[in-house]
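Trainee: This is what each chain is made of:
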Amino acid sequence: MKDDYLWDPSSAPDPEVERLERMLGRLRSNAPAPDVDQVRSAVLLGPRSATLKGSRYVSLRFLVPTLAAAASIVAMIGLTWQTTRGTRSWEVSRMTGQPRIGSAPLAGTGRLGVCARGRPVSAPGHAC
Amino acid sequence: MEHVLNPVALHRVTDREVSLSGTIRAVAAGDRDAFSQLYADYSRMVHAVLLGRVPRRDVDDLVQDVFVTAYTRIRELREPAAFGGWIATIARNRATDYLRQSREQVELPDELPGGDPIEAETFAVLDVIRGLPEAYRDTLLMRLVEGMSGQEIADRTGLAPGSVRVNLHRGMKLLRDKLGLET
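If you read the protein sequences in the order shown, they are chains E and B. Okay, so the first sequence: first residue is 1 according to our numbering, each after it adds one. Okay, so the second sequence: first residue is 1001 according to our numbering, each after it adds one.
The hints are simulated quantities; they were obtained by calculation from the structure and are not laboratory data. Check each hint, because a few of them may be wrong.
SDA-like, lysine to any residue: derived pairs with alpha carbons at most 20 angstroms apart [said to hold, decoys possible]: (1) B:1178 to E:16; (2) B:1173 to E:74; (3) B:1178 to E:90; (4) B:1173 to B:1155.
Taking beta-carbon pairs under 7 angstroms as the criterion, some of the chain B residues facing chain E (in silico) [claimed, not checked]: (5) 1032; (6) 1064; (7) 1068; (8) 1074; (9) 1086; (10) 1090; (11) 1150; (12) 1165.
Remember, it's a predicted structure, so these values are computed and weren't measured experimentally. All C-beta atoms in this analysis are idealised placements derived from N, C-alpha and C, irrespective of residue type, glycine included.
Throw the hints in and build the complete structure from the sequences for me.
Mentor: Next comes the structure, spelled out in structure tokens:
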């Protein structure tokens, strides 16, 4: 093996290395340098935009979990609001006699407001 | 009393290092021509480092990314002479990020029907080189793909010329063995 050619391409060529060079040399790139002005504007927009490729992928990768977390928070707020707003009530119906709540007589059926611990309010329209 | 020679103390600042230091200062100051000069000097090395790790179709874009990153962080570079090793590290980290991000994506082969005029044999040899240990892989790609000389590889990477020579020799021997070539 002629290592001189491997070290110094201007010396007497090694045919095998030369063949590999010709073959692999096709993978060489002639891409131009990035535009400095474009780089500067990317820097001004922030470090994430300074990487020209990949930021779109990163944002998409986090989009679904972010939306799922936001939807969960909205659902929890809605559920809490739904269960805590106003006073709860029981649906009641008269079976016999003339039941009254405070001074108000209860007609055939109606709704009886209850407090948080399940006790009926003293009268319709009264607070717990 | 026995004296031990300190290689750092004996290190002489070369003309190349003085020139590189000036170029880097100019890039940090926003000099467009200096940036083009750095790109011309180091893009082949960065290309080789990336080609050894990621699919070829994305290498050019990643080379651009690496130089953008280097441009934005060049003020962090304390020792201008270490630029080659520094940008090679950026390239290796960028390749690692790329591979981590694309792990869940379907991997396309380097060779796509009708897309690339490069022969299958070329990609087969590239795959063999990619399977070599990192030091041999990078050095061989700089030599065989980018056409850099041993001295040029040493200058750009910051490796000692002796180390580059050893990497080339051992890497080439491994490559010949794996390709079934006679030595």
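Trainee: For this structure, which hints from the list above don't hold up?
Mentor: 2, 3, 4, 8, 9 and 10
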